[in-house]
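All chains should be modelled from the sequences, with the hints used to inform the complete structure.
Protein sequences, first through last, are from chains A and B.
If you want this note's numbering, it's the position in the first sequence, counting the first as 1, plus 1.
If you want this note's numbering, it's the position in the second sequence, counting the first as 1, plus 16.
Be aware that a few hints might be false.
As the list claims (entries may be wrong) - Now the in silico label distances, taken between C-beta atoms and shown as ranges:
hint: 1; chain 1: A; residue 1: T244; chain 2: B; residue 2: L280; range: 42 to 52 Å
hint: 2; chain 1: A; residue 1: L138; chain 2: B; residue 2: L283; range: 38 to 48 Å
hint: 3; chain 1: A; residue 1: Q266; chain 2: B; residue 2: G247; range: 44 to 54 Å
hint: 4; chain 1: A; residue 1: E133; chain 2: B; residue 2: S181; range: 54 to 64 Å
Hints were generated in silico from the structure; no laboratory data involved.
Glycine is no exception: its CB is placed at the ideal position from the N, C-alpha and C atoms.
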Amino acid sequence: MDLFELLHYAFLQNALSASCAVAACAAVIGYFLIGRGLTFAGHALPNIGFAGAAGAVFFGIAPVLGLFAFTIGAAIVFAFLGKEVHERDLGIGVVMTFCLGLGLFFLALYSGYAERVYGILFGTILGISDTEVHLTLISSLVTLVGIAAIYRPLLFSSAGTESAAARGVPIRFLAVAFLVLTAATVSLAVQVTGSLLVFTLLVGPAATARTFSRRPSAAIGLAVLLAEAYVVVGILLAAITKTLPVSFFVASLSFGVYVPSRLLQKRKTWKR
Amino acid sequence: MEEIIKSEIFRNAFFGGSLTAVLCAAVGYFMVLRALAFASEALTDIGFAGATGSALLGLTPFWGMLGLSLLAVLTLGALRDRLKGRDVEVGMVLSFALGLGVLFLSLYSHSSGTHASSGVRILFGSLMSLSGSLLLVLTLVAVIVLLILAATFRPLLFASVDPSSARAKGVPTKALDYAFLVLLAATTVVSIQAIGILLAFALISAPAGAAHKLTRNPGLAFLAALLLGLGITWSGIFLAFFGPWSRIPVGVYIATFSALIYGLALLRDRFRIRSRPEACRHNEREIHE
Numbered sequence: 002m003d004l005f006e007l008l009h010y011a012f013l014q015n016a017l018s019a020s021c022a023v024a025a026c027a028a029v030i031g032y033f034l035i036g037r038g039l040t041f042a043g044h045a046l047p048n049i050g051f052a053g054a055a056g057a058v059f060f061g062i063a064p065v066l067g068l069f070a071f072t073i074g075a076a077i078v079f080a081f082l083g084k085e086v087h088e089r090d091l092g093i094g095v096v097m098t099f100c101l102g103l104g105l106f107f108l109a110l111y112s113g114y115a116e117r118v119y120g121i122l123f124g125t126i127l128g129i130s131d132t133e134v135h136l137t138l139i140s141s142l143v144t145l146v147g148i149a150a151i152y153r154p155l156l157f158s159s160a161g162t163e164s165a166a167a168r169g170v171p172i173r174f175l176a177v178a179f180l181v182l183t184a185a186t187v188s189l190a191v192q193v194t195g196s197l198l199v200f201t202l203l204v205g206p207a208a209t210a211r212t213f214s215r216r217p218s219a220a221i222g223l224a225v226l227l228a229e230a231y232v233v234v235g236i237l238l239a240a241i242t243k244t245l246p247v248s249f250f251v252a253s254l255s256f257g258v259y260v261p262s263r264l265l266q267k268r269k270t271w272k273r
Numbered sequence: 017m018e019e020i021i022k023s024e025i026f027r028n029a030f031f032g033g034s035l036t037a038v039l040c041a042a043v044g045y046f047m048v049l050r051a052l053a054f055a056s057e058a059l060t061d062i063g064f065a066g067a068t069g070s071a072l073l074g075l076t077p078f079w080g081m082l083g084l085s086l087l088a089v090l091t092l093g094a095l096r097d098r099l100k101g102r103d104v105e106v107g108m109v110l111s112f113a114l115g116l117g118v119l120f121l122s123l124y125s126h127s128s129g130t131h132a133s134s135g136v137r138i139l140f141g142s143l144m145s146l147s148g149s150l151l152l153v154l155t156l157v158a159v160i161v162l163l164i165l166a167a168t169f170r171p172l173l174f175a176s177v178d179p180s181s182a183r184a185k186g187v188p189t190k191a192l193d194y195a196f197l198v199l200l201a202a203t204t205v206v207s208i209q210a211i212g213i214l215l216a217f218a219l220i221s222a223p224a225g226a227a228h229k230l231t232r233n234p235g236l237a238f239l240a241a242l243l244l245g246l247g248i249t250w251s252g253i254f255l256a257f258f259g260p261w262s263r264i265p266v267g268v269y270i271a272t273f274s275a276l277i278y279g280l281a282l283l284r285d286r287f288r289i290r291s292r293p294e295a296c297r298h299n300e301r302e303i304h305e
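In structure tokens form, the structure reads like this:
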């Protein structure tokens, strides 16, 4: 099918605008996530959101509410899990499996058709409505403004916690605020793209961008560009092939770009 | 009650569960020492891609999962010799594997006409549906892994706790790193078959993590991990079979008890450190790091 003809379809326009907004947020959040050694949290939060959605469906309320409640609750727990990456990862994993156990519990007790819950695992990017697009755009903007508001102290505290604490930067507050922003982004993004794609967008572009530039502003800019490119190409490829999922294309693109840039970076550091 | 205990479903669940618990706790202890939590969680999700891929090709899920996990482990090892603290590479391999899993799942549901939600069953496997033949394969893999672990116990412990002195003393740390990742992959595949992808990580991480918090003596901690793992699994199986809520799957109990035990161990550890004088606490931290 002709590509330009495809672009006239409303569902494709909706998918493109919503996922571009999500991708920008995810790339910015992902940059800090990696800097703070919280990649695992980026993987855990979408899964926890799945459990929250299952709980919401069980209690007969909107899945969004469950998503937000669970991810924000978990994010606050993560922020208090300790500074050592080693210990924190284990704690994140245990919290995640506990939430998944809860999700399993809700699904086992729920006798109805839990289609919306499964949609959260695998994503429904090509079937989102106009209102969902507007909501996504607005909340992405709010998240980006939130990050911008704490940008400098957040960067400072990510780079070196001790010197930041000595200068009077509120470390704890920043850790909580950042993780809550991450949770909000994940909750919004999960409904659009599915939990898998959220993680890919959080980690892939930012990891690649970090191999090219040590300057935060340049790396964040590059990460956003990469994320936008991945989702646009991924959605178009999925629309053309019709049967293959968007998340597969985005994950493959992000892995395919990451590996060579990572290997190139290795060579660069050798030469010095 | 006697009838249930004599039934084949209960026997298989009990035997498979105990096997998984011992295997997970033993391998999990070294996983905790090596700080491979994220890699281990990634391996369970990579199993998802393996399971869906083998469903597409018409293979037994076991071999597809084992193949893909080993491939992932070798990739991870090649990307970085020490995985500790570098979780970005793990994340990248994980997201790619999940992408493949979703691809396989969608291809499978297109070709077989089933809905994508059938993949959810792969995510939450069950002890209740273990067949005798599968159990035989799982036992075989578990025994091999445990034998290798027993044979390399001392050098593996040394290399996990203090890699640089182990290397200086001539312990082949790099070979052990790879070997351990392979053991971890095999363990993951076995436990996925038993309690499902999303919860396999609970049995690998929580008993060992709690035991590591309770005592610093490696022998004692190893033993404690085994006992905790068995305790969690047995009480889960017992409640699932004889508990008042028959619709609740074993995985729910296992995940809840795991989190509870790890949480309690964490609290106890925090409390113990707080109750000592500052200087002592400082020394302790240095020794641990």
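Right, here's what the structure says about each hint:
no., hint, result
1, A:T244 x B:L280: 42 to 52 Å, "holds, 49 Å"
2, A:L138 x B:L283: 38 to 48 Å, "holds, 43 Å"
3, A:Q266 x B:G247: 44 to 54 Å, "holds, 46 Å"
4, A:E133 x B:S181: 54 to 64 Å, "holds, 57 Å"
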